[in-house]
Every structure is written in structure tokens, then in C-alpha cells.
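Asks: Letter by letter, the chains look like this.
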Amino acid sequence: MNLLFDLPAAQRSAFTPADGEEIKYCSPCDIDRDGKLTHERYLVVTNRRLLVISGSQTETDLALSDITYLKCDPLVNNGLLIAKTVQNDTEQILARFTMKHVSRVAFIAKGALLLRDGIKKQVISREYDKTCPICGRALRGTRECPKCSHKPSVLWKFFKLCGAYKGWLAIIAVLMACVAVIQLVIPKIQQIFIDDYLMPGKGGWKEIGIYAGAMIGVTIITILLHVLRYWMCISMGTKMSMDLRQMLYKKVQLLSLSFIQDRRPGELMNRIVSDTAQVRRFMEEAFSGMFSCIITMVSVVIYMVMMDWKLTIMSVIFVPIALGFSISFRKNIHRRFHMQWHRFDKTNSGLQDILSGMRVVKSFGTEEQETKHFRKLTDDFAKVQERNEVFWASLFPLVSFVMGLGIYVVTYFGGVGVLEDRFTVGQLQQFITYTWMLYGPLGWMTFLPRMITQLMTSLERIYDVMDEEPLIRDHEEAQDIDLKGEVEFKDVTFGYRSYEPVLEKINLKVKPGEMIGLVGASGTGKSTMINLIMRLYEVDDGQLLIDGKDINDLKIEKYHSQIGVVLQENFLFAGTIYNNLRFAKPDATEEEIIMAAKMANAHDFIVKTPDGYNTYVGEHGYSLSGGERQRLAIARAILNKPKLLILDEATSALDTESEYLIQKALERLTAGCTTFAIAHRLSTLKDADRLVVIDGHHIAEVGTHNELMEKKGIYYGLVTAQLQMQALKGEDAEAVPAGA
Amino acid sequence: MGLKNFEGADEEFNLEQMEAETEEMLRMRFLSDTNAKFERTAGGFVSLDIPEGEDGKAEHYDRVRVVRSFPFTAPNTYISIRTTEEKSKEIGIIRDIAKDVSKETRKMLEEQMSLRYFTPVITKINDIKEEYGHAYWDVVTTEGPCKFVIYMNSSSVVSLTDVRLMISDLDGNRFEIPDYTQLSAGELKKLDLFL
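Protein sequence lines, in the order shown, are assigned to chains A and B.
Residues in the first sequence are numbered from 1 upward in steps of one, following the numbering used here.
Residues in the second sequence are numbered from 741 upward in steps of one, following the numbering used here.
Hints are not guaranteed to be accurate.
[What the hints assert, rightly or not] Beta-carbon label-pair distances, calculated as ranges:
1. A:Glu267 - B:Val861: 50 to 56 Å
2. B:Met765 - A:Ala700: 52 to 58 Å
3. A:Thr493 - B:Asn866: 25 to 31 Å
4. B:Asn866 - A:Thr16: 48 to 54 Å
5. A:Val361 - B:Ser787: 28 to 34 Å
6. B:Met765 - A:Lys509: 45 to 51 Å
7. B:Thr863 - A:Tyr128: 29 to 35 Å
8. B:Pro815 - A:Met358: 31 to 37 Å
9. A:Ile317 - B:Asn866: 47 to 53 Å
10. B:Lys864 - A:Pro449: 49 to 55 Å
11. A:Met358 - B:Ser787: 48 to 54 Å
12. B:Val861 - A:Tyr69: 56 to 62 Å
13. B:Val861 - A:Gly404: 46 to 52 Å
14. B:Thr863 - A:Tyr69: 55 to 61 Å
FYI, nobody ran anything at the bench for these hints, they're computed from the structure.
Beta carbons are placed, not taken as given, at the ideal position from N, Cα and C, and that holds for glycine.
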């Protein structure tokens, strides 16, 4: 999202920058003081001032250092920028804007406050604009407007991509040329047959036989060529989309988590699946047809002109009319069917609504009412559908008639020509055939712009991902190391968004084999610390050292293979338990797997299932409980004998008894393995070598359980609070059976 | 529940406070000229004084939010007056700004509501162009001419009543057509795709 718009000349004239003053952020504010829409009003933030300029008038001119409070207040369908200053401690409205700019101004407000505090860091927004700020076109999930950005065009990239399939393209071109030639030759053969043999007294049975044979031969060749061409196009399209899909998938894997988390999961899925399929469809349907149509049309016109240019003009005169008719007709059809689709959608969602709310409908006894409601929806849909079908059925013949008007003209004047002996009957027949051949592709060609635009949209989305630079990747001197397990945070600062630090100046040194419990209220940055250790994100400032080396100097793959991770929600892939456990170590033996499962207290429940370790889990498989899932995840993590173990609420879904058992097992396992554990249930962390309490982006307390309890600080408060909550829950638990 | 309630071991888990919060949640206080005084602030907002508030204590709010309970169907009744912080709390409700407050106050509150709700009313449709799944509108509204883009799906144009339409654009702005039957035949034709 652009946070620095170009300030138009008029507004620029209202603003004289001081020495060394430069515009840092600029956004339109498109509602004026009277609540009218405007293009004249701008919010400008320089490294010294905040200005609101309307036309060539400066409405507000505040020194950043005077601002004590600055906030973007999102209201209903518009937003306000509100400030307090040193001089005036009441909230005042600085600017007003539509939803187009609400998020932009919110970012700019944060940026202005950073500038005020002397922090140079430029706030950037990874959000995408919904429409292009320059041309107003809707952006379909790309950062820059493909029309307004001056990057090498997507089409050019696509051509370069096609370069890899030169051989295929050449063969397809030759095939298409052959098809065109044969299509031109068939009417010629007919003409010769009619003129030379089909006249009384000219030909005999033999000639008719030869003609029929020739026609069959040519037709078979045409069919074969067509099949070959389609086959080539389909294989090329499939190959291309497969290649694109693999490239995209590889890229998505490389990109950092933040890129993926900025997007809805369905969106990336669409790009990998649907957009590449769109490319394939284009190659199959449009690409092959496009060139054969052009070749056929051009050669037909040349041939026709050679035969009789006057007649050619007459037959072509109706082309624009036919085209116009076809286009306007299609628009109408599109409208009608869009309407039908709209009703269909409404009916569908109405049905879904009622079916999924059936319990409520039944319990409130409103079946009658809902039936009426649904009947109205289906009635509407049926009416529209009926109207459309009748329309389609009655109008289609009319359109064909208009499209074919040129034929009647040619037939009349051609016929006159035959009577006047300017043509032979065969030539007339040949000419009429060519005219038909001209009209056929024309109708098809009107669909082409739509197909090309669809292709471009898909390509834009594909290249939007392809052009993204991964934030985290191995640099050239990255090393493979065997971990000892020492972790050190050195002045680490990090935030998911550039203006919101989650961790500030964290310093912590962890010895190999130490178990660290991370404690703090939710949202304080415990999981963030773990994300940094897992290297899912890169620190903004400071250093994270692993065995004394900067984490960025380690090869990612090797590093990841030596850490084990158990999260609160553990994803199991569709497959057997056996395969899921082997995920991190594909060459693990059965014995190793059983050992790991035993340690995770999972062996017993696995063996109890009918298929044991071969039990299929995943979407349509055996459904595991939360606790079972967690135990499998623990087994998966420890199978590889990691040097660094990360447990983020790893035992939260377990009952106290199995948690205790796993704790005991883990204790044995984690000897010599550096462990970071987060647990909401603080009793889980009692045995940690050190507890680290995080509060307000900082490390607040460090020590063992006993030390921190004596200190009576935050940790002490958390423990006592939890005990009280438990006591309260205990009372509730007793109260319920008594009441029931 | 925040950490602060749990500081100190000797402190009882605060049941009383929760009771009080429940009370507050259920409270319904109606505001009118007799018990509340609204005033414009220098910054363009409205402040509120309640001389005899809860337990007879005077209450003062530097700035209040003026929120409609039924923005579409009853814009002038059941106006909720709220505090401005993020977890905005209700101070009171005005049953009907036409009856319960003075003309002056009413004007003040209406100004605040027109700040909060920005829904230009479409008075003229110049053009609606459809292109590949989006519709580009070029209209004149009560707040000036405007161009916007909507998705071509059923949730972009919603009928509030048989004749009243609410249109939402890609960015989340809203536009209203109070009675589409009042539009000219040409405009209706452009619109009929969405009806």
C-alpha cells in the first residue's frame, strides 16, 4: 500500500519546506470539512511537520514535536485523524477520509509518531490497495497496478516463458498451416468436380468414385491433423501449467512465513491451482484456435479477392454488422445469465442457511415461515430461468440469420454471375464455401478479448508471487553445523509490523542442555521468541546467536533438521501414523519409532487402534483427539533426537495424568537437549532450570521456580492467580452436579 | 481477565467486582435534556455532563461517541451515547432525539452522527461499466460526484427494503439509493443487473 503519494502541484505550492525538510508520508484525504467528497485535500507528513492541505490552502500545520496524541479513528464507512497537541489538550479533528485511505492514514499516523520520537525507520505497509490509486482499476490481489507500473509487462514474461517450448510451438504452427491449406483445398476440389465432371456427358462413375475417394482421404487427413494439433496443444498447455505450478509451489515454500500469513490460505491455493489451470485452458482452447483462425481467414480473403474482388467486398460488407450484432447480443445474454446466476446464488445460500440452521428453525417452530421464504427464492429463480431460456431459444436463429446475411447477397449476385457466364457453378459453390469459412471464426474471435484478459489476470497473479523476494534465505557463506544447543539473544528487537515491536532489547544466554520455561500473559511475545529461534522470521535489530554463530549464517535446512517442535495445534498430514512419525526422519527404523511413541505415551493408544501404526489419519481417516494428536506430535519431534526442543503449549490438550507421564519421559529425553517450553499451566514448568518472565516486550524476571516465588513478583502473581482460578473452578465443578 | 486482578496472594478472587460488572451490563439509562447536558468541543466533537449520575455523583466526558442502534431503520431513535476508548462503554441511551432533547442538542448530535456515518446518497447514475467480475460506477451523490468499483457478487448490492438499495464498494465504502423506482429509465437499465 502506497504511503507516499505524489503531492499535486497546487498543493505543493501551499507548502514551503524548510532546509532539510522532506516529505515522508502523503495521502489523499477525500472528504472535506463539510462532508463533501473532494480530490483536493491531502495529509502530508514531513520529518518535522504534519500538514493538511486543501487546494492551495494549508488547513493544519503542526510541528511533530507539538503532537502529544495522534490516532486514526475508523468510523462507519469513513475515518478521522484525531490529534492532541501541547497547546491544546482536547481531541481535534485534523482530516476525514473514506475507507480507501483509512488503513493508509493509520499507518501514516504511526509513522508520524515514530518521526516525532526521532526514529528514522520508514513505516511500510504490506497490505494491498483494492483499486489502483492512479487509474482506479480494481486490483486483483497484486501490489502494483499492472497497467500503471512500468515493470516489464507480464505478456513479455509470458512470451519468454513460451520460449522454453519453442519446439512445440514450431510443430503446432506447421500443423496449423497444413490444416489451413487443406481447408482451402477442399472447396477447390469440389469446384473441379462440379465444373469438370458433374456436367451431363462429362464425367462417369469412375470420376465420381475418385472424387468421393479424394474427399474421404482429405477429410481423414484433416481429422488426423486436427487431433494431432489438439493433442500437441493440450500436452503443451498441461506441461506449461505443471511447470508454472511447480515454480510457484517452490517459490511459496521459499518465501517467509510473513508473506504467507499476509494472505488468506485460499488465495495462494487459488494461485497455484486455478491460475495455472487458466493458463492451461488458454493454451488449449484459445491459443490453438487463435492462430488457425487467423491463418484461415487471411488465406480465404486472399483467395476470394483473387477470384472476384467485387463479390468479396459484398460478402465482407456484412461483417461489421454481424460482428456488432454478435457483440451486443452477447452483452445482453451475459446480463441475463448473470442475473440468473445471481438468483441461483441467492437460492443456494438461502437453502444452505436454512439447512445449517435446521436445529434453530425446528426449535423455534418456524418451518412454515422458512418454507414460504424459500419458495419465494425458488420462484424468482425459476421465473428468470424460464425467461432466459425462451429468449435464448427465440433469438438464436435470428442471430444466425443476421450472421449469414452476407451469404444471401453472395448467392444472389454470384447466381446472376453464373447466369451471365462470369462464373461456373463450381466456382460459385467454392466462393460460398469460403464465405462460410470467413464467418465461422469471426464469431469465435469475439470471445478472444475476454479469454486474453482472463489469461493476463491469472499471469499477473502468478508473477506477483514469482517476483516476490524471499526475506529469509541462505546467503552464500552459510554453514552447516552440528548443534551443541547454545542459544543467545543479544539486544534482539522484533515486531511483525514495522511500527509495532513485540520484543525489545531482549538479552538472554541459554547453555546447552538447559531447560527454559517462558512465562507471561498472552500476547507478550513468548511465541514470538520461539518463532525467532525457529528462524521463521528475521530479527529487526540485534543478534540471535546459535552456538556463538549468527543464526543467519547457518544453513536453514540443516539447522531445522536438528530442532524438534511441538506446537499447541499440531498438523498431521494425510497418511498413516507411521508416515507422520517418520516425517522428520524418513529412514527411522520401526524400533526407533516405537521408542519415540513410548516416550510420548502414544504407543499404547496407537496399538489399540485396529490398524496400529498403519492407521490412516487425516481428513478422511481415523479421527484423533486433541491429546492423541499432541502425543503423536511429541513423538514426531523427539524421533530425530533434536539438540533444540521447542514445546509451545505442547501438553495443553492432555489430562494431568498423561501430562505427568510425558513430563517424566521428556525429562529423560531432554537431558543434554536445550529446551524452550511455553505452558499456560505453570505447574508444567516447575522443573525448568530457569524461568523467563516476559512482560511489556521485555524480560521482566529470570530465575528458578523457587527463586521467583520468593521474589513475589509477576511470576508469583501468575501462580497464585492460577491457583485461585483452579479453586474457583473446583467449586463450580462441585456445584454443577448438585444443581443438575 | 487482566493480570492486575490477581496481584497479591492475600487478595480474594474478585467476585464482587464481577457482580458489579454484570450489574453495569444490564443497566439501561435513558438520557434527555432533564439529566444530561451536551456541549460542542473546540476540536469538533461533543462533550457530556451528567450532573446527577450514578449514586448522585456528577459525571463528565470530554468526548462521547454518538451511535445509532438501528442505523437503517430508525436513525433518530435509540441513540447510544458511548465512551470513546476501544472497549467503548455505554453511558446512556436517548430514546428519540426529536422529542427528548432540545433543538440545539439535536443539531449537535446529528452533526456527530453525520461524522460517524458516511453514506452518500446516489442521485444520478452516469454510467455502470462491467468488466471481468467488477462493476465500475460513475455516479453523482449528495456529497459530490464519485467513481467507485464493486465486486459482481450478490453481497455488493443489498436491498434494505423493496425499493431501497445499499451498495458496498471494494474498499468498504457504502452508497445508498433510497428509492430506485425514482431513477430514470436509462439509469434503471444500467442498474437492472443488480436488482
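Asks: If a hint holds in the structure, say so; if it does not, say that too.
Replies: Quick rundown of the hints versus the structure:
At roughly 34 Å, the beta carbons of A:Glu267 and B:Val861 sit outside the given window of 50 to 56 Å. At roughly 33 Å, the beta carbons of B:Met765 and A:Ala700 sit outside the given window of 52 to 58 Å. Separated by about 52 Å at the C-beta atoms, A:Thr493 and B:Asn866 break the suggested range of 25 to 31 Å. Evaluation of the 48 to 54 Å hint for B:Asn866 and A:Thr16 yields a failure: the beta carbon distance comes to about 39 Å.
Distance hint check: the CB atoms of A:Val361 and B:Ser787 are about 47 Å apart, inconsistent with the given range 28 to 34 Å. Between B:Met765 and A:Lys509 the CB atoms are about 48 Å apart, so this pair conforms to the stated range of 45 to 51 Å. Between B:Thr863 and A:Tyr128 the C-beta distance comes to about 32 Å, which sits within the given range of 29 to 35 Å. Separation of B:Pro815 from A:Met358 is about 35 Å and conforms to the stated range, judged on CB atoms against 31 to 37 Å.
Range check, A:Ile317 to B:Asn866: Cβ separation about 35 Å, and the 47 to 53 Å hint is violated. At about 30 Å, the beta-carbon gap between B:Lys864 and A:Pro449 misses the expected band of 49 to 55 Å. In this structure, A:Met358 and B:Ser787 meet the distance hint of 48 to 54 Å, their C-beta atoms being roughly 50 Å apart. For B:Val861 paired with A:Tyr69, a C-beta distance near 34 Å fails the hint of 56 to 62 Å.
The hint said 46 to 52 Å for the Cβ distance between B:Val861 and A:Gly404, and at roughly 49 Å that hint holds. For the hinted restraint 55 to 61 Å between B:Thr863 and A:Tyr69, the CB-CB distance of approximately 38 Å leaves it violated.
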